[in-house]
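Listed in order, the protein sequences are those of chains A and B. Using the numbering used here, the first residue of the first sequence is number 239, and each one after it goes up by one. Using the numbering used here, the first residue of the second sequence is number 239, and each one after it goes up by one.
Keep in mind the hints are simulated off the structure, nothing from the lab. This structure is a prediction, so every number in the text was calculated from the model and none was measured. Treat each hint with caution, since some may be false.
For identical chains, the list gives no copy identity; a pair is met inside one copy or between any two copies.
Stated by the list, open to error - Subject to a maximum C-alpha distance of 25 Å in a straight line, what follows is the list of computed DSS-like cross-link-like pairs (lysine-lysine): (1) 268 / 352; (2) 259 / 300; (3) 297 / 244; (4) 259 / 359.
There are 2 protein chains.
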Amino acid sequence: MFFNGKNLYIEWHEAAIPWLKLFAAEPSCKELTDCRENTLADLWRATLICERTLRDYYKPDKINIASFGNRLPRVHIHIMARFTDDSHFPEPMWGERQRADRPAAEDRAIFESKLIAALNKAGI
Amino acid sequence: MFFNGKNLYIEWHEAAIPWLKLFAAEPSCKELTDCRENTLADLWRATLICERTLRDYYKPDKINIASFGNRLPRVHIHIMARFTDDSHFPEPMWGERQRADRPAAEDRAIFESKLIAALNKAGI
Chain A
239 MFFNGKNLYI EWHEAAIPWL KLFAAEPSCK ELTDCRENTL ADLWRATLIC ERTLRDYYKP
299 DKINIASFGN RLPRVHIHIM ARFTDDSHFP EPMWGERQRA DRPAAEDRAI FESKLIAALN
359 KAGI
Chain B
239 MFFNGKNLYI EWHEAAIPWL KLFAAEPSCK ELTDCRENTL ADLWRATLIC ERTLRDYYKP
299 DKINIASFGN RLPRVHIHIM ARFTDDSHFP EPMWGERQRA DRPAAEDRAI FESKLIAALN
359 KAGI
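Chain A with its partners taken away, still in its complex shape (with noise of 0.2 Å):
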């Protein structure tokens, strides 16, 4: 967990592609319609910022976001960072892989540092 907010927090998915997870922080939301306004609120204005400080950042070809939750019943929000050359593009990364990994992004740091602020500057 490197972002820790009032209704959400924020982890990495370890993978080659820069992969981020969003988990509400009330556990008894199930489903999206079951969290809190605040909650749905904040899950949704971090989501665009994720997405946007991801894409000014690692420039990728695509933006993924899913929420399943079939194993772990509680509201989390992947969000990815797709190149086309990456290990399962066009297919989702849920999906058959079409080749090796790219080598994975070592500069988390300077984009947590921008992630944050982002998430900060909102309130989040």
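Following the hints, position chain B against chain A.
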């Protein structure tokens, strides 16, 4: 297309599970953060209304939501009603098939009328 709003339209994805696709009406939205504010707001509100209506009507075990667009780079959101005995559970629908399809729900017309009423009520 069974719903055509100001900023988005909704289609069924042909599948054994209830599976909706929300498309931004703006053709130039490759990513969420490319969309106008009104489009974004309606996409989010419509996603929650779709989730709520799917939950109320089909009583799924889990809702799955995803926005990829790797092949079709135009914002569209998949909203799926998942069941523990469906073809892929607990995998995402893009993962490995686990078993045969469950019988497809036949009663789309009533669901559609309920969803359209809820979207209209919200001014979407």
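Hints versus structure:
1. 268 / 352: between (30 Å within a copy, 23 Å between copies)
2. 259 / 300: Close inside one copy (17 Å) and across copies (18 Å); limit 25 Å.
3. 297 / 244: neither (29 Å within a copy, 31 Å between copies)
4. 259 / 359: Only inside one copy: residue 259 and residue 359 sit 20 Å apart there, 33 Å across copies, limit 25 Å.
Hint 3 alone, counting from the list given before, is not met by this structure.
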